[in-house]
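Enquirer: For this one, chain A is given, so just place chain B on it according to the hints.
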Amino acid sequence: MSTFDAPGVPVPAVVVDANAARRTEIISSLIAVGLALAVGAVLILAWGANPLIAYGALVDGAFGSWNSLAETLLRSIPLTFTGLAIAIAFRAGAFNLGAEGQLFLAATASAVVGLMLPDLPGVLLIPTMIITAMVVGALWSLLAGVLKLRFGANELITTIMLNYIAIFLVSYLLRGPIQEAAGFLPQTERLAANARFPALIEGTRLHAGVLIALLAVGLTHFALWHTTWGFRLRVVGLNARAALNAGFNVTAITLSAFLLSGALAGMAGYMEVVGVQRRMIENLSPGFGYTGIIVALLGRTNPFGVLAAAILFAGLQVGGSTMQAASGVPSTLTTIVQALVVLFVIGRGAFDQLFAQRKGS
Amino acid sequence: MQASSNSEPTPLSLSGVTVRFGNFVANDAVDFSVGRGEIHALLGENGAGKTTLMRVVAGLLVPQSGTIHINGQRADLRSPLDAAALGVGMVHQHFMLIPTLTVAQNVCIGMRRAGRFFPDLKAVARELDAIGERYGLRVDPNALVGDLTVASQQRVEIVKALYRGARILVLDEPTAVLAPQEVAGFFRVLRTLAEAGTAIVFISHKLDEVMSLSHRVSVLRHGQLVASKPTAQTNPAELARLMIGQDLTLPQADGSARPGGMAIEVRAIGYRDERDVARLSDVSLAAHRGEIVGIAGVDGNGQQELAEVLAGLLAPRSGQVLMASPGGPVDVTGMGPGGRISLGLSHIPEDRQRTALVDLSIAENAVLETIDRRPLSHHGMISKSAIRQFADQLIARNDVRCTGPEQRIMTLSGGNQQKVVLGRALGRDPSVIVAVQPTRGLDIGATAFVHQQLLAQRARGAAIVLVSTELDEVLALSDRIVVMFAGRVIGTLSRAEVTLERLGAMMTGQAA
Chain A
1 MSTFDAPGVP VPAVVVDANA ARRTEIISSL IAVGLALAVG AVLILAWGAN PLIAYGALVD
61 GAFGSWNSLA ETLLRSIPLT FTGLAIAIAF RAGAFNLGAE GQLFLAATAS AVVGLMLPDL
121 PGVLLIPTMI ITAMVVGALW SLLAGVLKLR FGANELITTI MLNYIAIFLV SYLLRGPIQE
181 AAGFLPQTER LAANARFPAL IEGTRLHAGV LIALLAVGLT HFALWHTTWG FRLRVVGLNA
241 RAALNAGFNV TAITLSAFLL SGALAGMAGY MEVVGVQRRM IENLSPGFGY TGIIVALLGR
301 TNPFGVLAAA ILFAGLQVGG STMQAASGVP STLTTIVQAL VVLFVIGRGA FDQLFAQRKG
361 S
Chain B
1 MQASSNSEPT PLSLSGVTVR FGNFVANDAV DFSVGRGEIH ALLGENGAGK TTLMRVVAGL
61 LVPQSGTIHI NGQRADLRSP LDAAALGVGM VHQHFMLIPT LTVAQNVCIG MRRAGRFFPD
121 LKAVARELDA IGERYGLRVD PNALVGDLTV ASQQRVEIVK ALYRGARILV LDEPTAVLAP
181 QEVAGFFRVL RTLAEAGTAI VFISHKLDEV MSLSHRVSVL RHGQLVASKP TAQTNPAELA
241 RLMIGQDLTL PQADGSARPG GMAIEVRAIG YRDERDVARL SDVSLAAHRG EIVGIAGVDG
301 NGQQELAEVL AGLLAPRSGQ VLMASPGGPV DVTGMGPGGR ISLGLSHIPE DRQRTALVDL
361 SIAENAVLET IDRRPLSHHG MISKSAIRQF ADQLIARNDV RCTGPEQRIM TLSGGNQQKV
421 VLGRALGRDP SVIVAVQPTR GLDIGATAFV HQQLLAQRAR GAAIVLVSTE LDEVLALSDR
481 IVVMFAGRVI GTLSRAEVTL ERLGAMMTGQ AA
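Read top to bottom, the protein sequences are chains A and B. Reading the first sequence from the start, the letters are residues 1 to 361 in the working numbering. Reading the second sequence from the start, the letters are residues 1 to 512 in the working numbering.
Chain A extracted, bound-state conformation (with noise of 0.2 Å):
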């Protein structure tokens, strides 16, 4: 490589090309999910069953009509707001493990604020709504940035603690201040219907906040790749010191990159209370914010790659019922399959060096 690189350090093989790189990635993603289903396969054959089947049934459930699709892409919906929210972070050099408090906190805000303001008309009650729940979610992860920034607290233990502040605290205000007023559940009233979005497909329950979620993902790649607040806090994930000579302010690019990704978490939280609840309920995400972790990942911290692997994700778990019911394997596979690409993505590295020597020899 050059002549200059500590001596004794072996010499990885490179990839040059911007370009090139990028393929690399994707195909190392697949890798990383081909081998998770391959090895999916291996356990549904001793658990008895026929992988075409099973696999079969799996993408029919996610995919195979228009109710499956859309119940498919309405799953994606959050994961998709959780996976650009971490790799927001990510892209800072900071991990936000705090995605799931910072939704419950967001969904908890905003839906008390549309309770409040039930006469209000749709165009003027949904951004408000939307705000509220990306303040929320923003301040709650600046807590974690301040932290950071002002003590050096390592926020992958303050984000995951101030998780358990914000569901428990969710659950107080559930219980009580917040409630409905028939009293049963630990949940809110219902929303007005002025709150809601369009439905997108007839007769199922996907709303246009997936357009919107689209859009988030539009804005996050530009914002990242086509301005110069894109290009400061990649350069400071990718190394702190040189941005810091280069005469950036690192803390202020660290700490808005904290906001922005509370703020999408905050929107997948919104998305869930107002496109799927109808109100705010105690368990309102079966971990969207640690699954974001691995969308992200998957996705390569890459806006399009977090849409894309939200859709899977969000394909295995919808599709995994339909598949129990054709083919008597558990649903539970699903998650043994979404466990297995997370140890794939870990040991992903391993696929590019691979790539990298095949290319090289």
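Please keep in mind that the hints were generated in silico from the structure rather than gathered at the bench. Any given hint might turn out to be false.
Facing chain B, from chain A, some residues (calculated, C-beta under 7 Å) [said to hold, decoys possible]: (1) Thr227; (2) Val235; (3) Leu238; (4) Ala242; (5) Gly247; (6) Thr251.
By construction, the Cβ of each residue, glycine as well, lies at the ideal position given by its N, Cα and C atoms.
Expert: What follows is chain B alone, placed relative to chain A:
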């Protein structure tokens, strides 16, 4: 001195060892040996090839050519295990200890002798006590390594090597992690070990330590062995000259410098590192428009810290930094690099991979400091075409050898990376340039290019602070030479006053 007797084979002997990384020769046909009971110092600047040579001895690197003999037997070291089996123990700069385990556990990890699955820690502790008794190297076997001081951890590393049967001990800059008051005790241990017959290789670039401790000293420069002689037959000034080169081309004192007003100045700067060791004490100096101030000294005498204080990366504990501005001198002590860049400062840092470059394309690195300016961006929106055009120009002007602006910068050779750094730093017509080791690791052609660029900036009226441990470079370029020793400015010489003897004396701490 414990010279090796003729009847016994030499514990370690290398001949003609050559190690190449790409086209960079880290060790060029080096001969080196250490006798029984001998402390052999291996001296050289950073990057001279000391660590590379010792990695060969430790089995971490296989040389392209050359032979290694251990106790007279030809040794083919393919892995650290091979080296350890033959009695080579290495103490790295970064300790190889597990902080959550005890001393005894650390020492016997992976050793079958201590018990395959459940080590007999009591037996290990007894052996450690015996070793401690013999060499004056007491360690508490039951202490957690993480609770120990750095100095104690270093003792554990040595005890670990001895426990594993090391008869040849290689210590890579061992005093770098020690406070000054800990060094004396550490040296006592090494002397005791040598008296007991251990062959010791002591890697350092600190002349006083080498003089006081070693029996023999070898000097590496640019990967070549330039001298090897008994310590008693040399002196610090000679060693300094050997380390930094004596192929002296006397400066052509052209007297063309007509320095203008002050461009950057530090007043009574003091800095202590995180271990509270003073790195800079009462340093004052100024650079004026149109002059090159060379900062000379043996590596590690405060030059790097001074450069970082000038660049705004390091906040001094005391003192002031001033820069010229259109409205007169301003105090920039509390200002980060950003503010100083807008006042016209350019920094060419020593460690370009860590401080100057980002693992992105050449184009993105080229615009790192100027992305805010038009036409590169407009209202926060990046113009890819303008960036590409800017990078194309930088590549053409500085003759960067690459496939195009989209090539990732880390795939360029060091010389071409430096051309990008230089082109970026000098392309904005800076008023102050802080250049640290700007030619380290570069070949002759690239070095000449860098020198020519710096001289052109001087002619343009920039003030340049040039920090270099290459004496030739400082002499060839500087209008004034400031010599640093132990964190202080020990003296300033004009071009006319420079002699090799005076410089050598000042670099070893003797005031001119």
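Enquirer: If a hint holds in the structure, say so; if it doesn't, say that too.
Expert: Here is what the structure says about each hint:
{"no.": "1", "hint": "Thr227", "verdict": "holds, 5 Å"}
{"no.": "2", "hint": "Val235", "verdict": "holds, 5 Å"}
{"no.": "3", "hint": "Leu238", "verdict": "holds, 5 Å"}
{"no.": "4", "hint": "Ala242", "verdict": "holds, 5 Å"}
{"no.": "5", "hint": "Gly247", "verdict": "holds, 3 Å"}
{"no.": "6", "hint": "Thr251", "verdict": "violated, 10 Å"}
Hint violations for this structure: number 6 only, all remaining hints satisfied.
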